[in-house]
Amino acid sequence: MGINDVVLLGDEAIALGALHSGLGAAYGYPGTPSTEILEYLIGLYEKGSGPRASWCANEKTAYEEALGASFAGLRALVTMKHVGLNVAADPFVNSALVAIKGGLVLAVADDPGMHSSQDEQDSRFYAEFAMIPCLEPANQREAYEMTREAFDLSERFQVPVMIRITTRLAHSRAGVGVRGARAGNPLGKSTDKAAWTLLPGNARRRYDRLCAIQAELQAWSAASPWNVAEASSRAADFAVITGGLGRNYFEENLGDLGVSGPPSRLHIATYPLPIEKIRRLAAANKRILVIEEGAPFIEKALRGILPSGVEVNGKLDGKLPRTGELNPDNVRAALGLVPRPSARIEVPPLPSRPPQLCQGCPHADSYAAVAKAVEGLPSTLITADIGCYALGALPPFNVPEALVCMGASISMAVGAAEAGYENVVAFIGDSTFLHSGLTPLVDAVSRGAPITIVILDNSITAMTGGQPALLPSGRLEEIARGVGVDVAHVLTIDATRAATDANVAVFKREIAHRGVSVVIARRECLEAIKAKKKKGSAAVEAAKEACE
Amino acid sequence: MTHDIVLAGVGGQGVLSIAAIIARAAMAEGLAVRQSEVHGMAQRGGAVSAHLRISDAPIRGDLIPSGGADLILSMEPVESLRYVSFLKPDGVIVTAAEPFVNIADYPDLGPIIKAIEGLARSRVVAAAELARKAGSIRAVNMVIVGAASAFIPIAPDRMERSIAELFGAKEASVVEVNLRAFAAGRASAAAGRAAGAE
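Sequence order for the protein chains is A and B.
Residue 1 is where the first sequence starts when you use my numbering, and the numbers rise one by one after that.
Residue 549 is where the second sequence starts when you use my numbering, and the numbers rise one by one after that.
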């Protein structure tokens with residue numbers, strides 16, 4: 001390792017790259033595998049050694065706050081997971097039309113294989129949709145360097161720029177050589193009012209401008225040194241295009257390609273696609289295998305609709321699996337190599353060990369109480385939401401029947417109740433409620449939908465590592481009453497096993513109520529208590545040291 | 549030289565902290581390191597694995613290929629067998645002997661241990677017992693690191709320094725307990741199967 005090397009997660013490399021770009025502000029919403037980007041910056045901010053970095057209510061507010069900072073002249077970073085970009089899609093797509101002042105970089109982490117997600121959508125489609133540049137690092141060093149370049153690009157082309165990474169890079173550590181930091185921008189808002197007020201007349205001019213700069217973006221991508229072409233002396237029968245982590249798995253197998261030698265190849269790391277480089281490769285080869293992490297984005301562009309003289313292999317013809325992650329083994333098979341031999345021992349059948357709620361988790365007690373309360377009731381329907389408590393859909397609880405996206409527990413419950421189901425319960429966590437539960441609660445109250453909303457209040461965002469709740473515990477009751485839930489039907493219970501009988505009675509009564517009920521099941525997350533203890537003892541140690 | 553290690557266990561058992569100690573020692577030796585971790589939902593009491601790659605040449609990817617691992621290092625027996633396809637034909641399993649039972653269908657331990665011992669150099673280490681003897685059941689992870697150190701091409705004193713640095717902020721007795729646990733694990737693995745397994 002070099003003397004300037006720092007060991008960083010891929011996520012942290014993005015954070016440090018942003019910091020060294022003269023970052024002025026960073027916002028985000030926690031979501032695996034993106035969380036550690038902002039955690040790193042919040043750690044610095046709280047110590048007073050970094051710019052503002054804050055968790056936000058959701059990805060949309062985070063994006064808009066970053067956009068506000070950019071409008072005010074500062075360089076801004078906004079972070080989220082892939083599905084979070086769906087929530088932030090409105091400001092994201094529209095921000096491509098304004099005249100970005102301080103560089104605005106969106107770091108989005110996709111989760112192919114769905115390690116901790118409900119889908120495996122590929123954010124490169126969003127970059128193309130919004131017509132903005134995207135950089136895709138394949139290792140930690142590139143994550144650092146590309147983030148720095150992304151800020152330059154954003155200010156040069158006056159558009160937001162996306163950094164797209166995937167799980168294995170986000171959560172893998174390596175040494176990264178870092179360079180000096182540059183100063184931030186001075187405060188100073190954009191004076192181009194017409195570019196920032198997207199009334200139809202202005203927006204039309206801005207959209208013309210966005211279309212007009214596409215040729216410049218193409219020229220940048222075509223010339224980018226991140227897209228590395230390597231010609232081979234091998235016969236022109238076969239070439240490889242890699243994208244993202246596909247390159248690493250290809251190189252892992254390179255040594256075994258034998259007498260025929262390595263094929264010609266092109267690694268693609270910038271979008272819009274570097275068209276000329278692709279054409280040159282295709283002109284010299286009869287067959288191209290596309291190895292890209294995520295959806296067949298490059299592959300689709302290569303195939304088009306009309307027949308071509310070049311055979312394209314990849315995820316669409318089954319050479320590589322259409323779903324899940326790439327790995328050294330499926331890439332190896334696509335290259336026509338036999339599997340490496342592995343240890344041969346007789347392994348007895350192993351039980352699966354899926355994730356589960358922690359022993360003593362408050363959510364377990366809430367699920368148990370509701371399950372008991374609905375026992376024997378006709379016409380029941382139970383929804384839940386995104387977070388640790390999603391694990392209540394697995395044995396031994398098996399309580400929720402539907403779980404789709406942030407906030408949908410409440411809105412789906414409203415729809416199902418209005419469709420005719422009588423005993424409808426929606427489970428939602430405190431953080432998810434603030435993220436996307438408030439607006440469907442307004443719908444429910446406005447129409448008096450007969451549903452019981454259970455807010456599981458453990459005062460942190462547990463699944464992503466325990467980010468503190470944005471609002472103090474206790475504010476939820478006021479919110480429910482404030483939007484108009486009948487005071488008699490805003491209740492708080494202790495989410496403990498000891499209180500089960502009392503809680504069952506509360507749930508029975510509220511489920512029978514023909515209007516909106518909000519039951520706040522409160523008990524602190526065990527992980528939060530542990531973390532506090534650790535922090536407490538660390539503080540004691542620090543105090544001791546200071547005294548010595 | 550390259551050395552690929554699959555670390556296995558159950559979410560919450562400290563798989564990542566073990567990877568961190570070995571990675572730290574490897575970097576102190578001037579080696580390149582990649583450490584791939586699992587965050588998020590799987591950490592909640594489910595099966596977890598991490599890939600640790602050590603090399604004196606640049607490392608291409610974050611994941612170890614099937615048939616590529618030199619060592620499977622596991623916090624408990626069943627999890628040690630989940631990733632056998634990653635192991636080289638002459639690879640080694642080092643696992644703690646104590647089962648972690650948080651599922652209803654946890655199998656009989658006999659056939660599990662027998663399968664592990666089907667690999668000539670594998671080690672089943674009475675990690676909890678050795679940790680207790682070293683002074684704290686919390687040092688069980690250091691016993692495992694110690695046992696693994698017998699198979700990892702990093703000088704043991706470098707590993708010890710890495711442990712001392714990690715616990716350096718705590719009382720001297722904490723460092724001592726962990727170093728004793730490390731030594732006990734290493735001795736157990738070096739002594740061979742008879743001393744390690746029950």
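For the record, the hints were derived by calculation from the structure and aren't laboratory data.
Watch out, some of these pointers could steer you wrong.
Ranges of calculated distance between the beta carbons of each label pair, as one might list FRET restraints [to be verified]:
{"id": "1", "chain 1": "A", "residue 1": "Val93", "chain 2": "B", "residue 2": "Arg686", "range": "44 to 52 Å"}
{"id": "2", "chain 1": "A", "residue 1": "Phe125", "chain 2": "B", "residue 2": "Ser603", "range": "34 to 42 Å"}
{"id": "3", "chain 1": "B", "residue 1": "Ser721", "chain 2": "A", "residue 2": "Val6", "range": "48 to 56 Å"}
{"id": "4", "chain 1": "A", "residue 1": "Asp192", "chain 2": "B", "residue 2": "Ala712", "range": "52 to 60 Å"}
{"id": "5", "chain 1": "A", "residue 1": "Thr439", "chain 2": "B", "residue 2": "Ser633", "range": "16 to 24 Å"}
{"id": "6", "chain 1": "A", "residue 1": "Ala419", "chain 2": "B", "residue 2": "Thr550", "range": "31 to 39 Å"}
{"id": "7", "chain 1": "B", "residue 1": "Thr550", "chain 2": "A", "residue 2": "Val338", "range": "19 to 27 Å"}
Fair warning: this is a prediction, and the values are worked out from it, not measured in the lab.
For every residue, glycine included, the Cβ atom is placed at its ideal position computed from N, Cα and C.
Hints, one by one, checked against the model:
Between Val93(A) and Arg686(B) the CB atoms are about 51 Å apart, so this pair conforms to the stated range of 44 to 52 Å. In this structure the hint that Phe125(A) and Ser603(B) lie 34 to 42 Å apart at CB holds, the actual value being about 35 Å. Hint check: Ser721(B) to Val6(A), Cβ distance near 32 Å, so the stated range 48 to 56 Å is violated. For Asp192(A) paired with Ala712(B), a C-beta distance near 58 Å keeps the hint of 52 to 60 Å intact.
Our hint of 16 to 24 Å for Thr439(A) and Ser633(B) is violated, since their Cβ atoms are close to 47 Å apart. The given range of 31 to 39 Å is broken by Ala419(A) and Thr550(B), whose C-beta atoms sit roughly 59 Å from each other. Taking 19 to 27 Å as the suggested C-beta distance range, the pair Thr550(B) and Val338(A) conforms, at roughly 21 Å.
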